[in-house]
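Novice: Below are the chains, spelled out letter by letter.
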Amino acid sequence: MILSRYLFIGMLLLFAIGFAVAPLVLIRIIAPRRPTPHKGQTVECGLETQGETWIRFRLQYYIFALLFVVFDVETVFLYPWAASYVSLGWYAFVEMMVFLAMLTVGLVYAWAIGALKWQ
Amino acid sequence: MPTVPVIPSVWPSSSEWFFLSPVLLMAFWGVLVLMLDVLVLRNRTLLSTRAKWLGLTSLVGALAALGLAVGLLWPGVLATDVLSANEEFFNGTIAFDAASALLQVVGIGFLVLVIGLSMTWVFTNEQGEYYALLFWSAVGMILMIEAEEFMTLFVALETMTISIYILTGLETGSKRSSEAALKYLIYGSAASALFLFGLSWVYGLTGTTRLAAVGRALVESRTVEGIGGQWTSGLALLLVLAGFGFKVASVPFHQWTPDVYEGAPAPVTAWIASGSKFASFIAMIKVLMLALGTWSVDTGHLQSPGWVVILSILAAVSMTYGNLAALGQQNFKRMLAYSSIAHSGYLLVGVVAIGVSSQRTEATGAVLYYLCTYGLATLGTFAVAAWLAHDVGSDQIDDLNGLGFRRPVPAFCLAILLLSLIGVPPLAGFFGKMLMFMEALNAGGNGGIALTWLVVVALLNSVVSAFYYVRVLKALYLRQPGPAIGKSFPSGVIWTLVIAAVATVGFGLNPTALLDPLGGAGISLLTSPEPASSGRPVDSNGITQSATVPENPAQTQVPVAPAPSASAR
Amino acid sequence: MSDDLLLSLLWMVPLGGAVLLLLLPRAFVGAARMAALGVTLCVLCLTLIVFVRYVSGDQAPIHRSLADRAADNFLNSTNLDQTDAFAGFLTTDAVQVIDAPGDLVVRRPWIPYFNIQYYLGVDGINLGLLTLTALISVLACLASWNMDQHQRGYYALFLLLQASVMGVFLALDLFLFFVFFEVMLFPMYFLIALWGGPRREYAAIKFLLFTLFGSALILIAFLILYFWSGDASATLAKVPFRAHSFDAPLIAKVTATTSYYGPSVQGAVFLLLLIGFLVKLPAFPFHTWLPDAHVEAPTPISMMLAAVLLKIGGYGLVRMAWPLAPAGAYSWSMLAAALGAISIVYGAFAALAQTDLKKLVAYSSVSHMGFITLGLSAMGLFSSTGDALDPRYYAYGVVGANYVMLAHGITSAGLFFLVGVIYERTHTRDLNALGGLMGVMPVCGVLGVVIFFGSMGLPGLCGFIGEAFVILSEFNHSPWIAAVAAFSVVLTSGYILWAIQRIWLGRNSTWDGLHDLTPREILIVLPLAAFTVLMGVAPQVVLWWMQPSVDSLVRDLAAAPTVRAVHETLNGLPSSQPVAAERPHHAMRGAKAPVD
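Chains as they are written, first to last, in the numbering used here: chain A, 1 to 119; chain B, 1 to 569; chain C, 1 to 596.
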């Protein structure tokens, strides 16, 4: 009983794994292998790498990234609310405003302590 | 297919908001303090001025919240029918009962004392953040106490803990503080993950996240096919216990305790040891009794002993380990940290007592009594630790030498608190221990001697604990005054000490004054709100009669309005 | 004055005094000792009022046993039937107090939910100890006259100590007893650790940990008694009792008349209480804290410790260990008697070996305290030919034990005071260095010799009576143990006479010019010497009010059905008890449905 219910998920899992693994295997099988020094170089977006790969990012990157994610998620919440705005009514409107206010406070805080200023 | 229950209104009523007003006020006040700092005071005033104003603002806010919470307790403020436990409050996610109303007063009371203590010194540049986080951790704490549902519980718990992680690391220029915060964060995240994983197992087994519904589903699962997974139940129980074990600092989840207690700014340590422990134990009692009550003993579903046995062992080990480890400490804060592990052990005896006692509500009252009085005693002792750390610049017990002669009042108060922690009658600590142990012996049905071994271990542990507490007493009264003694006591410390000592003596001489309301709170704490909307017949044990249909998660979890256009909140 | 107030004042007055002394302004520190003396004198007066009230008049409490008087005072709650003989109260409702005035029993609810009562009472057993405590406190207060270090703290702790000791002797509720018992530890700890000799801290912490360990055992025993739900195998009759009570007379009554507490649980309770109180007494294997504590404690505190605090152990045995678990006591009586005899002989031998005068007196205390254990465990309850109950000889033993407590209280206080006086003058306690003091301090010498002889057990002085009773009784129980104990008389004479010789006799020019006792010191020693003689030549002065209570205690204890059951098992006699077993019904507990 339970097995049959989860069968679909299992098949999906197998398919997903297969989807990722199949090209790799295929390349291994059919592609000709003629390595040259030029081909062996590390390629990153078509540019030659400079210095160490493991470099340290500025801490501020993370703060920016975090703020970005927060507002990204905010949008995710805003869409369904906006879509059913009429049926949800005033209460949901107030709640969403509270939610936005909280995020705004966060932004104001980040601004005020100078987290947004690139130093 | 059972009919979809109709929920009349998904929106909380005004009285529900009113009930939450202390929490809302604190959440708002945290924002206010933070904004006051970053927008007005920072970069304009000296750090000390800033600290003073922010501290005062915070104190006002906390006192206002305390006033609101006390006001809610006032007879007639909330209609009694509203305060009954059977009400659907915030759709059954939050307990709207006498226990919540009373315990939030205690929690906010702790907050007031901690804020008072924090105002005494300027130990961080992040003043606004510090007070805001104190408020928000208090919000998490109180919601955790009131939570009736796993998700609310978990979110509240994380609100509290994450705030405390940051608070731990806020001491400016202290490497130990940062180290402690990191340790706390890593251990704590792992424990939270385990806890959440355990909750998800429970959800998987029962199809609901409400404590009461989980409890009912587990009772029903004895008869319903497929739900009582064998090892899954045992694993779920262990995971949940691990999560709580970390929060309450019981062995073997205690490793963070000494470092965090030592490294964190002393007022924050006081807050962890009083407030966080208070809330965690209450949440633990609720989850274990309301949701996982069936698993208190092995009914053949667990593949492991029930939580009564597991917690008994944890209690015995925690007490013994904590006390023995404290024996060797020269550092006052570390000693208190280990002693706090030992006290977690005593409290776990109380939790076990709730599981076995024939008088569960009274046993709960006893544990709550111990939590309140222990919290106060801890606040007092950590106030002294804070004084040592900030005004003397040391954490050693030796630095308290001769305090009894130079500063008689604080030393005397500290002595009372330490005696109470040993469990000397007629102080509150003694009654707390005594009442919990008595309830542990009060098991119905099996001759009352089943847990005697645990109580014997606990009592012998109290004797061991006397040894290290007396070392502090010895430093206070038997040593020649050292250089530290010249430092005066700031009024924040004195106030905390005096309040704690007076409460310790007062509630010791007249324990009934505190026990009666807390016993009443125990009743409502162990009573879960019945889903008023489900309309199913409920028998006197609170077990839903229609046992043949397992609860559909969609019905309990998400209130669905009948109109197709309405969406879930 | 109502007896409620009277008995409460006995411990509240010193407690109040302690608080007042702490609040005393710095300017009046010099008045602290006067205030403390006033308080102790006030307590002494109150005790004498209690004494007079106990013994005088036709309706005086002396004519009725404590259990009967306690039964007249009971607590009634609205939803419980109070007609049963064993009714307790267990309720969160309002409790109604039924009080019979003038019978020296006080009963009030304290923590009603757990049936914990504020419950005090006086009978012949604790009356003597209360009086002794009040008297010794006054004398010890006088003996502290030269204490000039932290006077306020000293006298406050001293009064706190007195308050808790009075409370211990008064309490009839096991929980209340325990509270006072524990409270006593900390003033004592500080009194030794702050005002003691060079190794004071070691001695104080040793005292504290030993006693705490003992008290943990005592608490476990109390909790077992409290939570015991009836012995299924041994319950031979319907017992309308469901423990959940800390009421000592009530539990004693239950054990005396029913088999609710079976022999096995009584055995466990007895052993726990025995060890717990033997630590306090102290008796042989648990005595090591005593010499340290005595040597390090200042003189007045040594007086209190020897004269009063040790008696708490003895009193606990008399009031708790034996009556609450008679069958346990009966089955373990040989062990207890052996421990008593070993303590007597061991203490005497150890005393012989001492050169430190204070240690000698301390070990003599261990030796004398052995007589208490021995007297109580001389449980030759049944006639040697059969199973007829004949507790007469045992009553001698118990009377003897109680008498030893009072006599030792008088003499040991005197001895420690004299040791203090000698040390103050000569700055040594080394017996080999002393000698020849009779010549320079004749008054001290004469009074000292009287007290030393009293401690030795010279016929005609107080020590003799109790010890003679005890040994007499023990001969009826176990002649061998009695012989061993009697042998100790030789040892006791040995160390006492030798000590007298080494302190007072001979000639020693080192001590020329020492002044004799001051009037204050005479005032302290004289009453003690007088009591030593009085209690020796006229034991009836004490016995006439002590004996009735002891007799009723022994009568109840010996008649316990469980004691007979143990006796029959031990001697292979046929069981005389009915077979029909019935569980006790649990009506006492208000029917409270569990909430969950």
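Some clues are possibly wrong.
Unchecked claim - Derived SDA-like pairs: lysine to any residue, alpha-carbon spacing no greater than 25 angstroms straight-line: (1) B:Lys175 <-> A:Leu100; (2) B:Lys52 <-> A:Arg58; (3) C:Lys206 <-> B:Gly393; (4) C:Lys206 <-> B:Asn331; (5) B:Lys487 <-> C:Leu194; (6) A:Lys117 <-> B:Leu46; (7) C:Lys206 <-> B:Gln330; (8) C:Lys206 <-> B:Leu47; (9) C:Lys206 <-> B:Tyr321; (10) A:Lys117 <-> B:Phe405; (11) B:Lys183 <-> A:Phe57; (12) C:Lys206 <-> B:Phe405; (13) B:Lys487 <-> C:Tyr202; (14) B:Lys183 <-> A:Arg58; (15) B:Lys175 <-> A:Arg58; (16) B:Lys183 <-> A:Gln60; (17) C:Lys206 <-> B:Ala415; (18) A:Lys117 <-> B:Leu39; (19) B:Lys175 <-> A:Gln60; (20) A:Lys117 <-> B:Glu126; (21) C:Lys206 <-> B:Val457; (22) B:Lys183 <-> A:Lys117; (23) B:Lys487 <-> C:His150; (24) C:Lys206 <-> B:Val31; (25) C:Lys206 <-> C:Tyr118; (26) C:Lys206 <-> B:Leu66; (27) B:Lys175 <-> A:Phe57; (28) C:Lys206 <-> B:Leu324; (29) C:Lys206 <-> B:Glu126; (30) A:Lys117 <-> B:Val31; (31) C:Lys206 <-> B:Lys487; (32) B:Lys52 <-> B:Leu66; (33) B:Lys183 <-> B:Ala193.
Hint data in this document are derived by calculation from the structure and do not stem from the laboratory.
Novice: State for each hint whether it applies.
Specialist: We went through each hint and held it up to the structure:
1. Distance check on the hinted pair: lysine 175 (chain B) and leucine 100 (chain A) sit about 36 angstroms apart at the alpha-carbon level, beyond 25 angstroms; violated.
2. A threshold of 25 angstroms between alpha carbons decides the hint, and for lysine 52 (chain B) with arginine 58 (chain A) the separation of about 34 angstroms lies outside it, so the pair is violated.
3. For the suggested pair lysine 206 (chain C) and glycine 393 (chain B), the alpha carbons sit about 33 angstroms apart, so the restraint of at most 25 angstroms is broken.
4. With a C-alpha separation of about 23 angstroms, the suggested pair lysine 206 (chain C) and asparagine 331 (chain B) falls inside the 25 angstroms cut-off, and the hint holds.
5. Between lysine 487 (chain B) and leucine 194 (chain C) the alpha-carbon distance is near 24 angstroms, which keeps this suggested pair within the 25 angstroms criterion.
6. A threshold of 25 angstroms between alpha carbons decides the hint, and for lysine 117 (chain A) with leucine 46 (chain B) the separation of about 23 angstroms falls inside it, so the pair holds.
7. Pair hint lysine 206 (chain C) plus glutamine 330 (chain B) holds up; C-alpha atoms about 20 angstroms apart against a cutoff of 25 angstroms.
8. Taken as a hint, the lysine 206 (chain C) and leucine 47 (chain B) pair is broken in the structure, with Cα atoms around 50 angstroms apart against an allowance of 25 angstroms.
9. Between the alpha carbons of lysine 206 (chain C) and tyrosine 321 (chain B) the distance comes to roughly 22 angstroms, so the proposed pair stays at or under 25 angstroms and holds.
10. This hinted pair does not check out: lysine 117 (chain A) and phenylalanine 405 (chain B) have alpha carbons roughly 55 angstroms apart, beyond 25 angstroms.
11. Annotation: proposed proximity of lysine 183 (chain B) to phenylalanine 57 (chain A) holds, straight-line Cα distance about 23 angstroms (limit 25 angstroms).
12. For the suggested pair lysine 206 (chain C) and phenylalanine 405 (chain B), the alpha carbons sit about 24 angstroms apart, so the restraint of at most 25 angstroms is met.
13. For the proposed pair lysine 487 (chain B) and tyrosine 202 (chain C), the alpha carbon gap of about 30 angstroms is over 25 angstroms, so the pair is violated.
14. The hinted pair formed by lysine 183 (chain B) and arginine 58 (chain A) meets the criterion: a straight-line CA distance of about 23 angstroms does not exceed 25 angstroms.
15. Restraint check: the Cα-Cα separation between lysine 175 (chain B) and arginine 58 (chain A) comes to about 21 angstroms, which is no more than 25 angstroms; the hinted pair holds.
16. For the given pair, lysine 183 (chain B) sits about 23 angstroms from glutamine 60 (chain A) by alpha-carbon distance, which is consistent with the 25 angstroms threshold.
17. Distance restraint check for lysine 206 (chain C) and alanine 415 (chain B): the Cα-Cα separation of roughly 19 angstroms lies within the 25 angstroms cut-off, and the hinted pair is therefore satisfied.
18. Between the alpha carbons of lysine 117 (chain A) and leucine 39 (chain B) the distance comes to roughly 16 angstroms, so the proposed pair stays at or under 25 angstroms and holds.
19. Taking the CA atoms of lysine 175 (chain B) and glutamine 60 (chain A), the gap is about 22 angstroms. The hint holds against a cut of 25 angstroms.
20. Between lysine 117 (chain A) and glutamate 126 (chain B), the direct Cα distance comes to roughly 19 angstroms. Compliance with the 25 angstroms bound is thereby established for this hinted pair.
21. Only pairs whose Cα atoms come within 25 angstroms are accepted, and lysine 206 (chain C) paired with valine 457 (chain B) is accepted, the gap being roughly 21 angstroms.
22. Between lysine 183 (chain B) and lysine 117 (chain A) the CA atoms are separated by roughly 30 angstroms; this puts the pair beyond 25 angstroms, and the hint is violated.
23. Between lysine 487 (chain B) and histidine 150 (chain C), the direct Cα distance comes to roughly 22 angstroms. Compliance with the 25 angstroms bound is thereby established for this hinted pair.
24. This hinted pair does not check out: lysine 206 (chain C) and valine 31 (chain B) have alpha carbons roughly 55 angstroms apart, beyond 25 angstroms.
25. Taken as a hint, the lysine 206 (chain C) and tyrosine 118 (chain C) pair is broken in the structure, with Cα atoms around 31 angstroms apart against an allowance of 25 angstroms.
26. Restraint check for lysine 206 (chain C) and leucine 66 (chain B): not satisfied, since their Cα atoms lie roughly 46 angstroms apart, outside the 25 angstroms limit.
27. Taken as a hint, the lysine 175 (chain B) and phenylalanine 57 (chain A) pair is honoured in the structure, with Cα atoms around 23 angstroms apart against an allowance of 25 angstroms.
28. The suggested pairing of lysine 206 (chain C) with leucine 324 (chain B) holds, with an alpha-carbon distance near 18 angstroms, which does not exceed 25 angstroms.
29. For the proposed pair lysine 206 (chain C) and glutamate 126 (chain B), the alpha carbon gap of about 49 angstroms is over 25 angstroms, so the pair is violated.
30. The suggested pairing of lysine 117 (chain A) with valine 31 (chain B) holds, with an alpha-carbon distance near 22 angstroms, which does not exceed 25 angstroms.
31. Taking the CA atoms of lysine 206 (chain C) and lysine 487 (chain B), the gap is near 33 angstroms; set against the 25 angstroms cutoff, the hint is violated.
32. For the suggested pair lysine 52 (chain B) and leucine 66 (chain B), the alpha carbons sit about 21 angstroms apart, so the restraint of at most 25 angstroms is met.
33. Proximity of lysine 183 (chain B) to alanine 193 (chain B) is assessed by CA-CA distance (about 15 angstroms); at most 25 angstroms being required, the pair is judged to hold.
Violated hints, listed in ascending order, are 1, 2, 3, 8, 10, 13, 22, 24, 25, 26, 29 and 31; each of the other numbered hints is respected by the structure.
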